[in-house]
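K.L.:
Given next are the chains, with one letter for each unit.
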Amino acid sequence: MDTSIKSLIDKANEIILGKDEQIRLALSCLFARGHLLIEDLPGMGKTTLAHLLASLMGLNFNRIQFTSDLLPSDIIGAAVFNQDSGSFSFHPGPIFTQVILADEINRASPKAQSALLEAMEERQVSTEGQTRELPEPFFVIATQNPAHHIGTFPLPESQYDRFMMCIELGYPSRQAERRILTGRDRSIMLQTLQACISPEQVLDYQARVPQVHVAEPLLDYLQDLIDFSRSDRIDGPGLSPRGSLALLRCAQSWAFLDGRDAVIPEDIQAILPAVVNHRLRHHDDLGTTQTHAIAQLLIESVAIP
Amino acid sequence: MIKAKLSDSITPAKMLWILLCEAAVILPHVPHMRIWVSLICGLIAGWGYLIVIRKWRHPGKLIRLALVVISCVAVAYSYDTLVGRDAGVALLVIMLSLKLLEIKTHRDVILFVFLGYFLVVTNFLFSQSMGMAVYMLFACVGLTSTLVMLSRHDKGLHAVSNIRVAGTLILQAMPLMLILFILFPRLPGPLWLMPEDKNRATSGLSNTMSPGEISSLIRSDAVAFRVKFNDRAPSASQLYWRGPVLTHFDGRTWHSRSLPIQNRPERIQHSGARISYTITLEPHYKRWLFALEMPVKIPAGSFIDADYSLMANKDVSNLIQYVVGSHTRYRIGNELQRLQRRFNLVLPPTLNPRTRAWADSLAQRFSSKRERIEHVLTQFRQQPFSYTLNPPLLGRNSVDDFLFNTRSGFCEHYAGSFVYLMRLLDIPARVVLGYQGGEYNELGDYLIVRQSDAHAWAEVWLADEGWVRIDPTSAVSPERVETGIDAALPERLSSGGLVRSVNPLIRNLVLYWDSLNYRWHRWVLGYDAGRQRNFLQRLGIDSDDWQDIAITIIVTLGTLVLAISLWMNLHNRERQKDSIARLYQVFCQRLARIGFQREAYEGPRDFASRVSQQRHDLRQDIELITRFYLQLRYGRNPPEQLFSQFRNRIRLFKPRKIKRSITP
Chain A
83 MDTSIKSLID KANEIILGKD EQIRLALSCL FARGHLLIED LPGMGKTTLA HLLASLMGLN
143 FNRIQFTSDL LPSDIIGAAV FNQDSGSFSF HPGPIFTQVI LADEINRASP KAQSALLEAM
203 EERQVSTEGQ TRELPEPFFV IATQNPAHHI GTFPLPESQY DRFMMCIELG YPSRQAERRI
263 LTGRDRSIML QTLQACISPE QVLDYQARVP QVHVAEPLLD YLQDLIDFSR SDRIDGPGLS
323 PRGSLALLRC AQSWAFLDGR DAVIPEDIQA ILPAVVNHRL RHHDDLGTTQ THAIAQLLIE
383 SVAIP
Chain B
122 MIKAKLSDSI TPAKMLWILL CEAAVILPHV PHMRIWVSLI CGLIAGWGYL IVIRKWRHPG
182 KLIRLALVVI SCVAVAYSYD TLVGRDAGVA LLVIMLSLKL LEIKTHRDVI LFVFLGYFLV
242 VTNFLFSQSM GMAVYMLFAC VGLTSTLVML SRHDKGLHAV SNIRVAGTLI LQAMPLMLIL
302 FILFPRLPGP LWLMPEDKNR ATSGLSNTMS PGEISSLIRS DAVAFRVKFN DRAPSASQLY
362 WRGPVLTHFD GRTWHSRSLP IQNRPERIQH SGARISYTIT LEPHYKRWLF ALEMPVKIPA
422 GSFIDADYSL MANKDVSNLI QYVVGSHTRY RIGNELQRLQ RRFNLVLPPT LNPRTRAWAD
482 SLAQRFSSKR ERIEHVLTQF RQQPFSYTLN PPLLGRNSVD DFLFNTRSGF CEHYAGSFVY
542 LMRLLDIPAR VVLGYQGGEY NELGDYLIVR QSDAHAWAEV WLADEGWVRI DPTSAVSPER
602 VETGIDAALP ERLSSGGLVR SVNPLIRNLV LYWDSLNYRW HRWVLGYDAG RQRNFLQRLG
662 IDSDDWQDIA ITIIVTLGTL VLAISLWMNL HNRERQKDSI ARLYQVFCQR LARIGFQREA
722 YEGPRDFASR VSQQRHDLRQ DIELITRFYL QLRYGRNPPE QLFSQFRNRI RLFKPRKIKR
782 SITP
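Going line by line, the protein sequences match chains A and B. Here the numbering used here is used: the first residue of the first sequence is 83, the next is one more, and so on. Here the numbering used here is used: the first residue of the second sequence is 122, the next is one more, and so on.
One chain only, chain B, in its complex shape (with noise of 0.2 Å):
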C-alpha cells in the first residue's frame, strides 16, 4: 500500500473542518430522519475524529463491509424500504457518515465532499423554500472551502480565507447558474416530483367534512395559496374560494361523491364584468384547484366537475400556478337530473329526531320554499347560537345536539346542520368547502389565504335560481364574511398567532417575509416550461427548436466566460502589479540581512550590479530576478508565466552571508 506523503495527511484540524461540513450537510435532514439514523451518524463522526486525533488504526475491509451491510439492513426495516425518497436520503447520509472512517488522503476528502453535494441536492425533495435554497448555498460554500483547503500547500486550516476563497468560486458561478437556469430545457414535469411518499402528513380540506376537522384546520397559519388580481379585488363578502362539494351524510361526517361527468364552463350563465387572476396554489396532494365562485375561463389541465368545483388532471403535489377567469354574478344548475336530485335529498334514516319533528313542522307552516329557508336563517340569528373555534362535542344524534343542546359551533356545524335540514325539508342541498376571504398583503399587492380561511358553507337548488349560495354561518356571525376570521373569533388573536399580531411592524414584518416567498414562488419555483416559452420568446427565442436553445446556451455562456476571464484578467495584472513590487521588495530585505542595503534612489540595475560585483556566486540569480523585475514592472507586456517564475525565483533565493575566513 502507497503510505500517504505528508502533505496529504489529515490533521485534526482539517478532519473538524470536514465533520463541520458534514453537520452542516446533514442538519436539514434531520427532521424528516429517524432518529437513530442521526444519533448513528454522530457516533460515527466521533470515531472519524479520533482515529485522527488519537492516530487509531482505520477499521479494516472487513468492519467497514459489515458496517455497511447492517445499515442498509436498518434501514430497510425502519423505513420498509431501501428506496424512496426518506430510505434513500436516510441511506446516503449513514454511506456519507461512514466514508469519514476510511478517509486518509485528500481523494478520500474529495470524495467526500463530491457526495456532500449530492445529499445537499437531495435537500430540494423535501423543501424548495426560499430559506432553505439560501441555506444550500451555505452548505455549498462550506463544502467548497473544504476544497480550497485541501488544494492548499500549507498545512494551516485558515477557515476565513478558505470560506472567503469558496464564496467568491460561488459567486462567480451565480451567473452561469442563473443562464442555464433560465435556458436550459425545462422537463414538462415539475423537477422534483418524486414518486410519492403515502405517510405524508398534508394539511389542507380534504373531501370529507365532520365536526371538528375545519376548527383544527383554522389553527394553522400554513398559506393555502396566493392569489393576484389583474384589476381590482372584489369585496371580502364575495370572495368564496370554491373546493370540493359535499353530497353524501353518513350520520356524522360528510362526503364528496360527485357523478363522473364534467360541466363545461359554457353551461354557467354570468353576467357583469369577469375577475381574471393569477393563483399560486401550495401543494395539497388532491386534486381541486381553488377559485372564485365561479369559474368560467379556467386553465389548461383542468376541468370543471358536475358539482362545479375546478379540477386538475391529476394530484396537485408541487407547487403550482394558474390564471383563473370568474363571475361573481353566475347561475348554475338549471335544471337537476333524477339522479343528482336523489344525491342532494338523501338521509340517513332514524338519526336526529327532534330535528326531523321540527322539519316537519316547518314544512307544514311554510309551503314555499324560500320561506323555508329563510326562516331556518332567521332561526339561526335569532336563538343564541353563537360562532366559536372550541364547540362541545357533539352525540351520536350530532345534528338534533348542536340545534337544541350546544348552539355554539363553528361553520362546518352551521353549513351540515343547515343542509341536513334543507334536504328534510325537500330542498336539494349540498355542502360546500373552500375558503372564505384572505389577508391583503399590500407590501406585494396580492391576496394570501391561509388554512385559517378554511370555510364551509352551502348550496341549495331551487327550480328558477338553480344552485343558490347561503351562508349560514354568515346568519350567526356576519363578521365572519365581511371582516374575516380573526374579527368573528378574537380568541384566535389572544391565542397569539405571528401571522395575525396587532403589532404593525411585526405584521408588516410576516407579510414582507410572504411577499419575498410569493416572489420566491412566482419567478423561481413556478418558473415551469411554459413561462420559459413565454419568456424566451419575449427575447425571440423559439423554445421548441432545440437547436435555437442550444446556440442561446452556448453563445451566452461563451459570452459569459469570455466576459469573466477577461475582467479576471485586467484584474489579475492589477494584483500582480501591487505583488511585483512587494516581492522585489522581500528580494531586498533579503539582501539586506546579508548586508547589502539597497538606497531607496538606487535603481535596480545598478544595485544587481552592485551587489554582484561583491558576491559573484549570487550574481546569476540577482542578475536573473532584476531582469525579470524590469520586464515586469517596467516592460511592455510581459509574458504572462513570467510571474509565477519571478516569485519562484524569489521564493528561492535565500542568500547567506559569507564567514569571513581568517586570512594570513
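Chain A on its own, in the form it takes in the complex (with noise of 0.2 Å):
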C-alpha cells in the first residue's frame, strides 16, 4: 500500500476524533471521482472535514455558503463591465477551484442548486456561450441538514443520485469529545496543516482505483445486490446503473484505500449503505425514514455467492 495515502489517513484522524470510517468513505468517494454529501446537523464537523481534505491533499479550498438568496451567479461567476478596455470579462465564481464545500446545500433555491448539480456532472461551466474547464481533481463536499429543519428546500430524488455518497458524521465518542474539548483549537491545527499528497498523485490514484481487481463471483454478488434493490422486496425504484457503477467504484476505492488490488465482498459490504441509502431513500411525508434499515436490508437478503 502506499505509505502516504496511510500516512493521509492518519493525519486526517488526528484531526478529526474518533470518525476513522467516515474519513475513509470520504477519500474512496474522491478516489472513485465522486461527490460528497454529508447529511448532519449543523457543528459535527462538516466543514472541518471538507477542509482538512483539500489541506491534506494541497488542493485549492472555497466554500459556498447557501442561502435562500445565493443566486447562480453567485456560483458561478458573472461577466462584469471592464471600464479599463470597454468589454466585458469573465469573473469567476467560487466553484473554480478543487474542493467545494457547499454548506447547508438544502438552504438554497432550487435554481442555485443545480447551477452546482450541473457543474458537478458536466465538470464545466458554460456562461454566455463560452464553456469553461473546471480545475481536475474536482471535488464537490456538499453538506445539508436534516430535510426536516425548517427553511430548507429538499434536493430532488434525481439530484441526490448525482451524490456518489452520502455519509452522517454523528456525534463524536464520549472518549473523542474529551480530547476535542480540552486539545488544541482544530482551525488552528488545519492552518498549520501540511500536505501529505500533492494534487498529482490524487490524479493518479483517481486513475488507477477502476483498474482494481473485480473478479467474476464479485460481480455476482454486485448485481444479486443491484437485482435485490429492485425486485418488489424493496418499496420503490431500485438502484440505477449510474448507482451500480457508482457501487462498483467506490469498493474499488475502499480495497484501494485498504492497500489491496481486488475487491472483497466486504468492501462492498463496507460502503453500501453510503452509496444506496440517500438513493434508495423513500420520501414520505414527515420526511426520511429508516435509511439504515435499507441497506442493512440488503447486506442481510443477499447471499454472498
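Read the hints as simulated data drawn from the structure, not as lab findings. In this text, all values refer to a predicted model and were calculated from it rather than measured experimentally. It cannot be assumed that every hint is accurate.
[Unchecked claim] Heads up, incomplete: computed chain B residues facing chain A, CB under 8 Å, no partners named:
id : residue
1  : Leu440
2  : Phe717
3  : Ala721
4  : Tyr722
5  : Gly724
6  : Arg726
7  : Asp727
8  : Arg754
9  : Gly756
10 : Arg757
Ideal placement from N, C-alpha and C gives every residue a C-beta, glycine not left out.
Combine the two chains into a complex, taking the hints into account.
P.N.:
Structure follows, in C-alpha cells:
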C-alpha cells in the first residue's frame, strides 16, 4: 500500500477524532471521482472534514454558504464590464477550485442548487456562450441539514443520484469529545497542516482505482444486490445503473485505500450504506424514514455467491 | 529386505484388476498359442491371486528360477525353437504370467504393466485388422487404468473413474500418435514383416491345380483383393484377373513351369481404352500380383513373366497396394519358340485312352484348329455337362472319367480337360488360374474379389492370333461369367454364407463393414514410404530430407503440446474455480460443526475475524485459509501453486470443540 495514503488517513484521524470510517468513505468517494454529500446537524464537523481533505491533499479550497437568496452567478461567476478595456470580462465564481464545500445546500433555491449540480456532473461551466473547464481534480462536498429542518428546499431524488455517497458524521464518542474539549483549536491545527500528497498523486490514484481487480463471483454478488434492490421486496424504485456503477467504483476505491488490488465482498458491504441509502430513500410526508435499514436489509438478504 | 509400505501393498481388489488386465492382454493370443500355454497362464494367475487373498508366501527365488527354466524348455520343445514369432510370443506370455508371482509392491505392478504394453504390440505380428487395433486400444486403456489405480493414494479401486482417467489420457495421446504416424519416417519395408513361419496356413490360389482344389477354395468368403477403378469398371464378362499360368500336367495335377525369362509390357499389342485401377492385395505369400488381362502399365517392383503373369519381385507377405493399367483388347505371343511350344503340348503318355481316341477322331474330322476348338466347346454346351460345386470323385484316368462318365464338375475340371483335349489336338494350350468377376461395393465404390471368385480358364495358341483366352466353363454355365458364382451355383447360397446373403440389410451391413476395412487398409496399413512421400509433398515437405522431417515433427509436436497445455491450463482454471468455492464450503462446514455458523451474507474476512476473536487457537489457520481463499476467488491471477496450498490447508484443518472446563 502507498504509505502516503496511510499517513493521510492517520493525519486526518488526528484532527477529526473517532471518525475513521467516515474519513475513509470520504476519501474513497474522492478517489472514485465522485462527489460527497454529508448530511448532519450543524456543528458536527462537516466543514472541518471538507477543509481537512483539501489541505491534506494540497488542493485549493472554497466554501459557498448556500442561502435562500443565492444566485447561480454567485456560484459560477459573472461577466463584469471592464471600463479600462471597454468590454465584459468573466469573473470566475467560487466554483473554480478543486475542493468546494457547498454548505447547507438545501437552504438555497432549486435554481442555485441546480447550477452547482450541473457543474458537478459536467465538470465544466458554460456561461455567455463560453465553456470553461473546471480544475482537476474537482470534488464537491455538500452538506445539508436533515430535511425536516425549517427553511429548507429538499433536493429532488434525481439530484441525490449525482452524489456518489452520502454520509453522516454523527456525534463523537465520549472519549473523542473529551479530546476535542481539551485539545488545541481545530481551526488553528488546520491552518498549520502540511499536505501529505500532491494533487498529481490524487489524479494518479483516481486513475488507478478503476484498475482494481473485480473477479467474476464478486460481480455476481454486486448484481445480486442490485437485483434485490429492484425487486418488490424494497419499496420504490431500485438502484439505477449509475448507482450500480457508483457501487462498483466505491468498492474498488475502498479496496484501494485498504492497499489491496482486488475487491472482496466486505468492500461492497462497507460502502453499501453510504452509496445506496440516499438513492433508495423513500420519502413520506414527514421526510425520510429508516435509511439505514435499507442498506442493512440489502446486505442481510443477499447471500455472497 | 525392505518391508512393503502399507499404502504400497497389493489388495485383493487391485490384484483382481491386474489379473483382468492380464486376461485382456493375453486373450487375442490364445487362438494361435498352444493350448498348454493358456492353461499354464490360467494356473499361474490363480496362484498369484491366492497369494494375495490367502496371504500365502511368495515363491522363493529357486522356485521362480525353476519355473522360468521349465517354461523355456517347454516352449522350445513344443515350438522347436525359442525364437521366431510364435515361440517368442508364447515365451513372453508365460513370463508375463510368472511376473504375477512376484508382485509385492507397486513397482512390480508397473513393471508388469509395461511388459503388458509390449505384449499388446505383439498382436500386430498376427493381425493388423481394424478390429484388432480397436481391441488393442481398449487393452491399453485397461493397462493404463492399472497405472492410474496405483497412483491413487486411497486404497479403493474406483474402476470406473480409473478407466475414465486412463481413457482420457489415451485420448489425449491420440493427436501425438497421429502426428508421429503421419510424419515419422517409414522403413522402406513393411513395419510388421517378420521372418516367415514355415507352417503358416494360407488361403488362396496355389501354383498347382488338381481336381477339388479350387472348389474347396470357393467355399471361403475371405477377401483376395479389392479393386478401385479410376473410371468406369468394365463389364463382368471381362473381369478376368490373371494369376499363375499352368503348363505342366502330370496326369492328375497341373503345375506351373514358367521359363525364366521376362516379357516386356511393350510386347503386348493392345487397342482400345486403358483401364486404370488400384488393387489392394491381401497377403497370399506367393509372388504373383493379380491384374486384369492384360496388364500393360505395371507397378514398380514387378515384372511380366514368360507366361504373361504379373509377378512381384518378392513374396507378397503383407498387404500391398499397386496401380495397374490394363487393356481388355490385346494380343500376346506372336511367335511361339520351340521350347515353349513343346511345353504347351506335352502330355503324360498312356493315360485317358478314351479321350485320346476321341481326339484322334476329331483330328481326322476337322483340319482347322478353329473348328476343332469350336467343336469341343459345342460338345461341352450340348452334352449334359453340369456345373457343380460338389463333383463326384474321379478315377485314375481323370479326364476320361470326367468327359464320359461323371460330366459334372467345376471350372478346374473344364479348364483342365479342355486344355488336355487341345494338346491332344496339337493345339498349344495352357491353364490360367485367377479370379473371375467380383462383387461391387456401392458404399465404397470398389470391387471386392473374394476367394470364392477363384476361377480357372484356358488359353490356346493360334498362329495368327497368338494366345487366345477360352473359358470352357462359360460354355457349360454362362451365368458363372456373366453374373458371378452365386448365380451359377445356387447351392452356395443355401449353404448360408453371411457375405452373399440375399437379405438386403445384412448384405449392406457386410458391404459397409468391408468398405470400412478397405479404408483401413488403404489409409492406415497401406500408408507406406511411398504414400508418405506423396502426402508430405502435397504439404510441401521434402521427405527425403531428414532435417526437413525432423523440423516438421518437432514443430508440430511443439505446437500440439503447447496447444494442449494451454487448453488444459484454462480447463483446470475453470475446474479450480468451482473447487475453490466447494473447498471453502468444507471449511465453513467444519467451523459450523464447532459452533460457528457462517451467515450467507457474511464476508469471508468478517467471518474469519468473528471466529478468530473467540478461538485464538485457530486464528492462524483461519486467517491463512481466508487469505488464500480471497486471493484465489477474488484476486487477480493467483499464483499457480496457491490452489494446492489452499487445498492442503483445508484438508489439514480439523477444528475441535473446546470442552468447557468448569470454572468456579
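K.L.:
Hint by hint, say whether it matches the structure.
P.N.:
The hints, checked one at a time:
1. Leu440: Violated: closest Cβ of chain A sits about 56 Å from B:Leu440, beyond 8 Å.
2. Phe717: 16 Å, violated
3. Ala721: This hint holds: B:Ala721 lies near chain A, its Cβ roughly 3 Å from the closest one there, short of 8 Å.
4. Tyr722: Constraint on B:Tyr722 satisfied, holds at 5 Å.
5. Gly724: 4 Å, holds
6. Arg726: 5 Å, holds
7. Asp727: 6 Å, holds
8. Arg754: 6 Å, holds
9. Gly756: 5 Å, holds
10. Arg757: Check passed: Cβ of B:Arg757 comes within 4 Å of chain A, closer than 8 Å.
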